[in-house]
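> If you read the sequences in order, they're chains A and B.
Residue numbering for the first sequence follows the UniProt record's numbering, beginning at 1 and increasing consecutively.
Residue numbering for the second sequence follows the UniProt record's numbering, beginning at 1 and increasing consecutively.
Be careful, since some hints might not be right.
Claimed, not checked - Far from chain A by the CB rule (all over 10 Å, computed), these chain B residues:
#1 Val3
#2 Leu12
#3 Ile16
#4 Gly18
#5 Val23
#6 Glu35
#7 Asn49
#8 Phe61
#9 Leu65
#10 Glu72
#11 Ala78
#12 Leu97
Stated by the list, open to error - Here are some, though not all, of the chain A residues that point toward chain B, as calculated from beta-carbon distances under 10 Å:
#13 His521
#14 Ser523
#15 Leu702
#16 Val705
#17 Leu708
#18 Ala709
#19 Val746
#20 Ala751
Unchecked claim - Interface residues of chain B toward chain A, partial, derived using beta-carbon atoms under 10 Å:
#21 Arg24
#22 Arg25
#23 Phe48
#24 Gln59
Hints in this document: simulated from the structure, not taken from any laboratory.
Here a beta-carbon is modelled for each residue, glycine too, at the ideal position from N, C-alpha and C.
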Amino acid sequence: MKLLESLFPSNDFSLIAVILGMPLLGAFVNGIWGRRLGKPAVKMMTLTAVGVSFIASLIAFLLLDHAGHGGEHAHTRLYFTAWEWMHTNGGRAGSTVNIDLRFSIDALNGVMMLIVTGVGFLIHLYATSYMENDPGYHRFFAYLNLFIFSMLILILGDNLPVLFVGWEGVGLCSYLLIGFWYEQMPNAAAGKKAFIANRIGDFGLICAMFLLVHYTGALDWTGIQNNASVLADNPADAYQIHLWPLGGGQYQGFFKFLQPTTPITISAATAVGLALLLGCAGKSAQIPLYVWLPDAMAGPTPVSALIHAATMVTAGIYLVCRLSFVFVLSPFVMTTVLCVGAATALLAATIALVQNDIKKVLAYSTVSQLGFMFMGVGAGAFTAGFFHVLTHAFFKACLFLGAGSVIHAMHARIHDDVKSQDMRHMGGLKKYMPYTYWTFLVSTLAIAGCPLLSGFFSKDEILFRAYVNHSISPVAAKMTARHIAIWQQPEWIGKAVYAVGIITAAMTAFYMFRCLFLTFHGSFRGWAIGRGSGLTPAHGVKVAAKEDVAHAHDDHGHDDEHHDDDHGHHHEEDLTVPGPAPHESPLPMTAPLVILAAFAAFAGALNPAPLTKMLPLEHWLEPVFEEAQKAGVHVAETAEHLELPLMVPGVLAFIIGLGLAYAVYIKAEGKPAKRWAEAAPRLHRAAYNKWYVDEFYEATILSAVDALAETAAAFDQWFVDGIIAKLSSLVVAALGTVLRTFQTGVVHVYAAAMVIGIAVISWFFVAPHAQVSTAPSPNGDYVVTAAPGMGYSYRWDADGNGEPDKPDFTDQTSVKVHLDPGKELKVKLEVTNAFGRHATVEVPLNRPAAQNPMELGSN
Amino acid sequence: MPVTHYLVLSSLLFTIGGVGFLVRRNVLVTLMSIELMLNAVNLTLIAFNAAHPESHTGQMFAFFLIAAEAAEVAVGLAIVLALFRIRRTVRSDEADLLKN
């Protein structure tokens with residue numbers, strides 16, 4: 001430990017470079033040379049990259065812990081400055097703003113770093129097997145490594161611009177990975193959707209950055225924290241933002257009753273908080289920007305696991321936690337976060353209830369769980385929210401990888417992506433895939449809130465905190481003293497959110513167990529199981545598939561849709577023909593499942609709030625959130641006693657959800673669900689179609705943007721192309737046609753033209769040119785100079801009497817004349833050249849009358 | 001003899017050369033017309049030099065011109081040969097490959 005500490009001093013902690021550099025190296029090598037390296041080398045590279053990064057993260061974490069215990073535990077940070085990026089003067093604080101490529105590890109992102117590299121490594125390991133037969137193997141792992149790299153930049157960055165680099169990086173990688181199978185249109189569209197929805201959020205983050213640098217004069221965490229108080233505390237007009245009237249104008253038309261009569265004034269803290277929230281909502285898929293996340297499952301399943309569980313979507317929660325001291329300055333923002341979280345959790349849960357696609361259920365469950373995390377941080381319980389990030393990373397990664405394992409098994413026979421993910425084709429897989437089943441079961445219990453598993457503790461803590469916490473403005477007292485009205489959080493919001501949370505928790509239990517029962521219990525509905533046993537799965541599938549195809553051909557005579565295919569894939573198969581039983585996935589896929597399931601089960605021990613007083617995670621994160629919580633969160637005094645009573649509805653929600661799912665899908669084999677759907681077909685269809693939110697966006701925002709784009713395109717087509725480009729090309733073409741008639745290609749015509757040209761030029765030189773220039777001076781002297789020429793001689797008439805001054809032509813090139821004020825004179829010049837030809841020019845000179853001398857004197 | 005006589009002869013020669021250059025279509029005749037014009041110029045230069053024997057400018061220019069003529073004829077004849085090979089003609093108005 002001593003050696004390591006001397007090797008990596010806390011202000012130059014170059015181990016961060018290793019943590020960051022390895023995934024980048026992996027991405028680089030696999031991206032450039034992956035095709036030639038071959039699959040084993042690509043596998044080696046990618047696993048080594050993330051594995052070394054994980055080991056380095058572990059060492060860094062231990063060093064952080066060690067450094068913290070030695071001295072002041074509260075604000076231990078390990079810094080590493082890669083290089084100076086930029087610095088600028090300014091900001092309202094008037095300081096120099098340093099923006100360096102600087103990274104730091106503290107208690108909060110230390111944990112994040114372990115999640116990203118640890119869970120990331122397991123997902124990589126899983127993917128090496130899952131993607132085995134994909135032609136884009138090396139490309140996939142290059143993207144995956146790049147994703148880990150971007151995420152590490154995001155969490156380890158010590159200031160907002162560096163975070164933003166990673167923020168954009170994960171956006172790009174999600175686009176690349178969601179649209180990984182870009183030959184299929186829906187996948188490419190899903191990638192695009194994720195990218196664009198995230199851009200909207202990024203706009204919020206950029207605005208927040210500008211506001212922060214303007215008001216606090218800093219962009220690094222310490223700097224913002226030190227100056228954050230001015231955002232809310234300063235009563236000066238410059239620290240308040242007036243939202244209306246826009247541009248100082250008042251609209252007088254028909255709709256003027258819609259317009260507020262007085263400006264809405266918000267504090268800088270509220271503006272910054274809302275802008276940040278928009279950014280976080282984009283990344284963490286909250287209302288109104290959640291629509292991209294369910295579509296993001298179009299990518300390969302390991303990608304879904306990576307995006308949904310460990311990395312990208314947690315970035316928003318991370319940012320709220322990281323800038324908790326800014327958020328708590330405005331109770332309005334905190335309430336918004338709380339409500340957005342609750343609404344998202346509930347809405348996504350209702351959609352998840354009726355989905356048939358196994359990945360869609362999990363995707364909406366992710367959105368819902370992210371809503372829970374936002375509820376936690378919105379209630380000011382940052383530790384609870386972050387704890388849920390941690391536990392969710394384990395059980396959701398396990399669930400997605402489990403789903404991937406199921407799809408992998410289904411794919412052996414059903415080669416259609418949509419059908420192989422449809423739970424109506426599954427059932428009874430428990431028997432064939434024991435590892436997948438048991439790990440899936442553990443994770444389902446965890447996410448549903450089964451007591452003593454990880455999800456129970458984190459969810460319970462969030463709900464408890466939502467009930468007892470109350471956001472208060474840290475400057476309320478000061479503002480009241482100054483008679484400034486300030487928005488306060490109503491008392492009932494916390495209770496309402498708690499109720500919504502309990503309902504959502506019950507729904508979570510129901511839809512997760514519905515998913516589990518439909519997939520693993522009952523009897524298998526995918527295809528008739530008969531032959532193919534005794535063969536190893538991978539080969540058996542191929543052989544069986546080929547034989548079956550042959551049978552299918554016999555049965556149906558012919559099938560036009562079949563293409564020539566070596567692998568026996570992509571065939572529309574007759575699933576009534578018996579095939580081999582679904583098979584368990586290979587070891588590299590099951591091992592991560594087991595590890596993740598173990599974590600999903602036992603991670604609750606990190607913060608078992610309701611049961612014991614031992615709270616390792618809370619203790620660990622306390623210094624990060626201490627000040628924010630003290631400043632902006634009021635905890636009810638009865639909280640301690642409420643903890644156990646408030647736990648009861650949570651447990652009840654789990655039991656009700658589980659019981660209902662059991663009754664419906666095991667006892668009654670799903671018949672009640674069908675009856676309900678038929679009883680309320682419109683409600684069911686609306687929920688199944690995600691409450692038509694996408695359609696609503698399509699009709700409002702997207703159509704408006706489309707109309708604008710069409711207008712711009714029409715303008716481009718008609719005005720820019722039609723008039724500017726076409727017209728100018730027409731002029732040039734016409735000119736060319738005229739000139740082309742002269743280009744006969746006949747030598748004599750050219751020669752004649754040359755002769756004519758020479759004649760004209762000769763004439764110009766033969767004829768003399770009389771030109772003069774005049775130089776006046778203030779005392780009335782004018783110098784008139786003749787332009788020179790070959791063989792020229794000059795005759796002047798300088799006195800204006802009409803007769804030449806001298807009878808003969810001379811070499812005199814200039815004359816000087818004097819004029820009195822108010823007089824005028826005509827100077828005449830005659831020029832003759834060597835051929836004796838003449839030319840004449842007359843220059844009128846005219847001196848204005850003098851100013852009044854008295855006036856001049858008075859100045 | 002005064003310079004004027006030479007100059008009149010020279011201008012006659014130049015005019016004949018120029019008209020020949022403009023009106024004749026045979027490339028060989030065209031080349032000869034050019035030679036005629038150049039020699040008219042040479043004659044002028046020599047005549048001026050004879051009128052002012054103290055400077056040798058005219059003679060020098062005449063030598064340069066002769067050298068340039070020799071080179072020009074060498075190139076010109078080569079072009080004519082090439083033209084004949086391609087088009088089987090030495091008429092300049094038929095050598096309009098570059099047109100259009």
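> Run through the hints listed earlier and report the numbers of any the structure violates, in increasing order.
Per hint list: 4, 5, 12, 13, 14, 15, 16, 17, 18, 23, 24 violated.
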